[in-house]
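Colleague: Sequence lines, in order, name chains A and B.
Note that the numbering used here has the first sequence beginning at 709, numbered continuously upward.
Note that the numbering used here has the second sequence beginning at 785, numbered continuously upward.
Don't take every hint at face value.
As the list claims (entries may be wrong) - Taking beta-carbon pairs under 7 Å as the criterion, some of the chain A residues facing chain B (in silico):
no.: 1; residue: 778
no.: 2; residue: 790
no.: 3; residue: 827
no.: 4; residue: 831
To be verified - Interface residues of chain B toward chain A, partial, derived using beta-carbon atoms under 10 Å:
no.: 5; residue: 884
no.: 6; residue: 885
no.: 7; residue: 991
no.: 8; residue: 1035
no.: 9; residue: 1039
no.: 10; residue: 1052
Hints in this document: simulated from the structure, not taken from any laboratory.
Here the structure is a predicted model, which means the values were calculated and not measured.
Cβ atoms here follow ideal geometry from the backbone N, Cα and C, with glycine treated the same way.
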Amino acid sequence: MACEISDEDLIERFPAYAIDHDTKARYRGWLDRVMLVDRCRNCGTWHEPPGPICPLCWSTDTVPTAVGGSGTIHMAIFLHQGPPAEGVDYTTPYPVVVVELDEQAGLRISSTVVGAGNADIVIGRRVRLDWIERGGAPMPVFRLDDADGVRS
Amino acid sequence: MTPGWRNPAKDLVAIASAATTGFFASNTARSQLSYAAQAAIAALRAAGVSAAEVDGIIGSTSPTASEMQQALGIPVVTYFANPPIPFVNQLSAAVAAVHSGLCNVVLAYHASYRLPWNTSASLKDPFRRGGMTGGAGAAVPESVSGSVGYTAWASRYLHEYGGTREDLGLIAINGRSNAANNPAAALREPLTMPGYLDARMIRYPLCILDMDIAVDGADAFVITTAERARDMRLKPVLINAATLGMTSTSSEMQTPSLREHGQQVVVESLKARGDFWIDDCDIYFPYDGFSIIALNWIENAGFCGPGEAGEFLRQHWDSRTNRVLIDGRVPLNPHGGSLSEGASQGSGHIREAVHQLQGSAGDRQVAGAARAIVTAGGFFFNAQGALLRADG
Ligand SMILES: [Zn+2]
């Protein structure tokens, strides 16, 4: 299990991300290809970004919890330039989406969409989580959910 | 929220003077401190204030208040601060410090500087490689933190209201037409809608003309009690109200919607604590660090409904001057805004308001300008605003 690797090794696996004691569980989850989002065990609400307490009830019993990975594209942009990253070629504008997860209204995470043309990556499309590799470490991405259509 | 609105400092703190170095969209062979110091000396001289009379310094990202105090040889201060940007943070700190008696005469400034995070050309200048790294967002393309967040919400705006890039372009064109009359502005060549639509795309749907222009340059202000300002050289500009606004879900991704963020807090606060609003202002300054921010401010301020800003701008477009004149009278960002004058983090908007209300805005002067509204900052962590009025 990735949760057994050292803190130093975790930082080394994800050099492009700022990892601290509040976000370390997320990236340990990535190594296991599991998307973890903080959930308050006291009141049941989900929270992003990860934090030390539940903003609603102030419980410290917030637990990184696996999400289903299905959601809806809430925002969609296409980068014609951006930071260098393995596998990213801006000659075709690079899609970046903010996805609202099914777990809770307003609960959103961002990534790219793979396996689709840019014209099909539109706000309202249903997506599901998948994983690719970057720099030898897993990275969460989205794929269009062909079984479902466009929601508002 | 029941704020219990109070405004005991209303009209009791004034901007005595404002000055600028002008802004340059190229890497000049000067330091950020040299611009800040130049603007500061100009503002102090305009007000007739000596270094020894300054007892408060409010800086911004760089140079810090202590660096500025040393550079100008200001003997003693009893208050100093380096608030974050945009510039209503500095203005609010000055109101609080002066009205409470922490100090009497504040020198406040913001120096803009082209740095590697906002211009790739700055990487070529070894003397610019230090400096602040903020604003760049995350180091991975999949992040929408920092400035990328505005592009994301621009996509949402166009989706929700069926808007077009032309709606955004009107903000850019308005700024450019106004900048033509502003010698301090970095970009003054006329801009047409085809020219806007052809401009280099950076992050669709925002092109390079939707993003403020990185510049070298600075603005500075002398802020003191209204009473003391009346004894200085220029007509005081009274700070009728100033406010910051933020909500609990303020991060780029978790902001609930374009109708639920800091801007609504700012509007409510200014209307409750100030003496005038959009129906009786002479100039309006909607912050335009990104064009989408200005559209959202115009709507949230109440000039029109959600999603209607593009149509509102077309209805109030003055074809003769190729810019907005609300009801044929009220200009928006008459100095050119951040998109054309330069990325001043709101200091340019406030400096122009001061000059307009003092009657010293040259070719841009709005006849009889007595009241200005500045709504600065964006959606996430930094919405803010101020009501400024001419004394007397
Ligand atoms: Zn809770």
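Colleague: Run every hint past the structure and note whether it holds.
Modeller: Comparing the hints with the structure gives:
Residue-level restraint check for residue 778 (chain A) is violated (minimum Cβ-Cβ distance to chain B is 17 Å; threshold 7 Å). About 4 Å separates the beta-carbon of residue 790 (chain A) from the nearest beta-carbon of chain B, less than 7 Å, and the hint is met. With its C-beta approaching chain B no nearer than about 12 Å, residue 827 (chain A) sits outside the 7 Å limit, and its interface hint is violated. At a threshold of 7 Å, the smallest CB-CB gap from residue 831 (chain A) to chain B is about 4 Å, leaving the interface hint in force.
Taking 10 Å as the C-beta contact cut-off toward chain A, the hint placing residue 884 (chain B) at the interface is violated, the least distance being around 31 Å. Using the Cβ-Cβ criterion of 10 Å, the hint placing residue 885 (chain B) at the interface with chain A is not satisfied: the shortest such distance is roughly 36 Å. The closest approach between the C-beta of residue 991 (chain B) and any C-beta of chain A is roughly 9 Å, which is under the 10 Å cut-off, so the hint is satisfied. Nearest Cβ of chain A to the Cβ of residue 1035 (chain B): about 7 Å, under the 10 Å cut. The hint holds.
A least Cβ separation of about 9 Å between residue 1039 (chain B) and chain A falls short of the 10 Å threshold, and the interface hint therefore holds. For the restraint placing residue 1052 (chain B) at the interface with chain A, the shortest Cβ-Cβ distance is roughly 22 Å, beyond the 10 Å limit, so the hint is violated.
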